[in-house]
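From first to last, the protein sequence lines stand for chains A and B. If you count the first sequence from 1, position 153 lands on 164 in the numbering used here, and the numbers rise without skipping. If you count the second sequence from 1, position 271 lands on 282 in the numbering used here, and the numbers rise without skipping.
Simulated from the structure, these hints should not be mistaken for laboratory data. Careful: at least some of the hints might be erroneous.
[Said to hold, decoys possible] Below 25 Å or equal to it, Euclidean Cα-Cα: the simulated BS3-like pairs (lysine-lysine) are:
(1) A/Lys359 x A/Lys249
(2) A/Lys111 x B/Lys91
(3) B/Lys78 x B/Lys91
(4) B/Lys307 x A/Lys78
(5) B/Lys111 x A/Lys91
(6) B/Lys337 x B/Lys91
(7) A/Lys357 x A/Lys249
(8) B/Lys91 x A/Lys91
Take a look at the letters that make up each chain.
There are 2 protein chains.
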Amino acid sequence: MGKDESSTADLLQAVAREGEKLQANERRNFLKQGLLLAGGALSGAAVPGAALAGESNLPPNVPPWTKSLGSGVLTNPYGKPSPYESHIVRRNVPWLTADKIASISFTPLAELSGIITPSSLVFERYHAGVPPIDPAQHRLMIHGMVDRPIILSVDDLKRFPSTSVIRFIECPANGGMEWRAAQMDALQFTHGMISCCEWTGVLLSTLLQEVGIKKDAAWVLAEGADGSHMSRSIPMDKALDDALIVYAQNGEPLRPEQGYPIRLMNPGWEGNTSVKWLRRLEIGDEAWYHREETSKYTDLLADGRARKFSYVQECNSVVTFPCPEKPLTERGRYEVQGLAWSGEGKIKRVDVSFDGGMNWRPARLKGLVLPKALTRFGLEWDWDGGPAMIQSRAVDETGYVQPTYTQLREARGNSSIYHKNAIHTWRLHDSGKVSNVQIS
Amino acid sequence: MGKDESSTADLLQAVAREGEKLQANERRNFLKQGLLLAGGALSGAAVPGAALAGESNLPPNVPPWTKSLGSGVLTNPYGKPSPYESHIVRRNVPWLTADKIASISFTPLAELSGIITPSSLVFERYHAGVPPIDPAQHRLMIHGMVDRPIILSVDDLKRFPSTSVIRFIECPANGGMEWRAAQMDALQFTHGMISCCEWTGVLLSTLLQEVGIKKDAAWVLAEGADGSHMSRSIPMDKALDDALIVYAQNGEPLRPEQGYPIRLMNPGWEGNTSVKWLRRLEIGDEAWYHREETSKYTDLLADGRARKFSYVQECNSVVTFPCPEKPLTERGRYEVQGLAWSGEGKIKRVDVSFDGGMNWRPARLKGLVLPKALTRFGLEWDWDGGPAMIQSRAVDETGYVQPTYTQLREARGNSSIYHKNAIHTWRLHDSGKVSNVQIS
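So here's chain A without its partners, still in its complex pose (with noise of 0.2 Å):
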């Protein structure tokens, strides 16, 4: 070749030539290829051929935009998603929550690609609604049994040293309407309660190291500064071990549904732990058992009594492709994939089964496999058109294995919202759409 260069109307006949011989001669090669590889005869690569057959406008298209200018830098000097994608949106389900303000939504699980969740579709809960804070009025007290009382402004706290981790962050209510098979078909509500992020923050360690904590000191109480007081107990091991106070999230400040312009994290803990808009923490020898680590956030078991400070997200998993938003188009092969993650450490494996449990196949893991952080796995499967049961079991770095639905219930019974980490299913259909039913 070394063709010196053509001028851009010699490359776009080029190309048009190319399309137009393809399209002549070459498509029907596609389509064998594609059900060669469909049967499983090469391994290596999933197979968009079969899928170009059903398709009626092939290239060349030299589209309008390929022969004009676009629109020019700072159209948006913060920047939006394409108008195409308006759909990939936050949802709630109306009838969850007793009104709009103290409620939830649900990250779109279903749309995403990687382990990070962008920000704007980080799942939302809230008791009172998102507060509209003023950073420059906001200030954080520690208090209690400490040295050195201290009440710090948000400049203050930036000006300790800062770590950053990527972490997922879920509300233990998460999958709590599958309890009861209040089932809903959409991946979205069955497990849009998690998102992953990297988050930016002071260990809350280092300012127990500036403020001196008593000799008793057991616990720390976490305040949020929103209308409904948010407060939870944390254990002093947990303090001391990988909390932060957060002030950044994916590299620029907190959202303010995320709790703006500070909030607690707790990695591998109930959301709910992680308080939001944080105001005070005050440092005692006891828990405080405040409302909603009583009346909420506690598992009603079987014999009458409660489980307490239930704070482990423990090893969960699910499938998102297919699922119900993504169901499958045509016979082939595709690479299904899932999202696993555990409160206790790094996941270390995932198998999936498509036969509701039968059977079990190992799935890749993709991509960085960091601890409590949401992890991706993947599995070339060929689907030959028949019905399936997808599961997904995922076992983390301390050997725990993801539970049936089985050993859930002899667990804790059924009268739980909290902690459903049981093994999902999904029904593949014929048709190539995806249902939610629960098997044992």
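Mind docking chain B on chain A? Use the hints.
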């Protein structure tokens, strides 16, 4: 302690009482401690005490948002930043390019935390504006020296196994204004043509396996669908190594200005080789020498010859705090922070100088240290109120050491625009203000 739950009113009153006590009795302690710590007596914590001393309006404050309902769920189904952060936007340099369509906007690095750049703030560079592409009409053709030429829709592409990586992208003109001391007092403009995201797509090697490359194939031409038909020649080694065809960025679909619906991504290489709005890959046996690799993106050397195919963005770093946008406000302890990166792999170490390169202190690498990704570093420093010349010098895992200006000019002369990775200097004034100076 072991209190029963207090009512909200009780709690607020308790907070108020505690705050009053602090104001009356403890405030001077913070100040004393601050000065003590600022002198370096204790290690391990930055000191906000002095900042507190300057405050006239300490807590307890019970602002209106603590006593009322906030905004409800789904006020923003696609979330937005706090209105108090509306200054965090991309900006341009009006005189830098001939018009506003084929231009540049810069990432506000001084305002960012961690290593992820939010998609809304990723720098923009393009040659004919942002095309408003309908993904349903977009196609990628792979042809030339291949066994099975192919045309893929975006949905076809998404059927192939995907890969997610966190990698930086940088325009080779980043820092170009510094070569001849056209120096701007803003980190956003000296280094803001770099960003770092989680990118998801299909390895180009997977697609090349699908089409089958012929024996003598050695180069890949990548061409965009925008009005400039931006095109670059990519050596086959890179195409078969880590080049990706990307459709998602930080979990969600690519932004329009970042190549929506698909772009090439050559990790660690000049950003312009990662052709956006990718429509065509042609396989050949020689490079094409198209417009954007002859008239642009070559480096004119002192002897009049042009350095061509200077793909790799070599090891570089910059201090992000303090910087012109983030001056120091008072004496005391700070965490000096910065970013380092290398197109050759991981950052191995970063040193920081406060005296213009005479003495160096090792910085901590903070958070994830990933190949071809931004890496954040930090170093605690007590500012005595005097002037300083602050520099950072990065070393990557190949042993390459970021050069001085003198070293870079000896190698490349004075005519270059691209690949300015010399050690950068911030001049800290007695006032705490920071300006951009160039020292050899």
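A quick look at each hint next to the structure:
1. A/Lys359 x A/Lys249: Given that 25 Å is the threshold and the Cα spacing comes to 23 Å, the pair holds.
2. A/Lys111 x B/Lys91: holds (19 Å)
3. B/Lys78 x B/Lys91: Satisfied, since the Cα-Cα distance of roughly 24 Å is no more than 25 Å.
4. B/Lys307 x A/Lys78: holds (22 Å)
5. B/Lys111 x A/Lys91: Distance ~19 Å between B/Lys111 and A/Lys91 Cα, so the pair holds.
6. B/Lys337 x B/Lys91: Distance of about 24 Å is within 25 Å: holds.
7. A/Lys357 x A/Lys249: Distance of about 18 Å is within 25 Å: holds.
8. B/Lys91 x A/Lys91: Satisfied, since the Cα-Cα distance of roughly 10 Å is no more than 25 Å.
Of the numbered hints given earlier, the model fails none.
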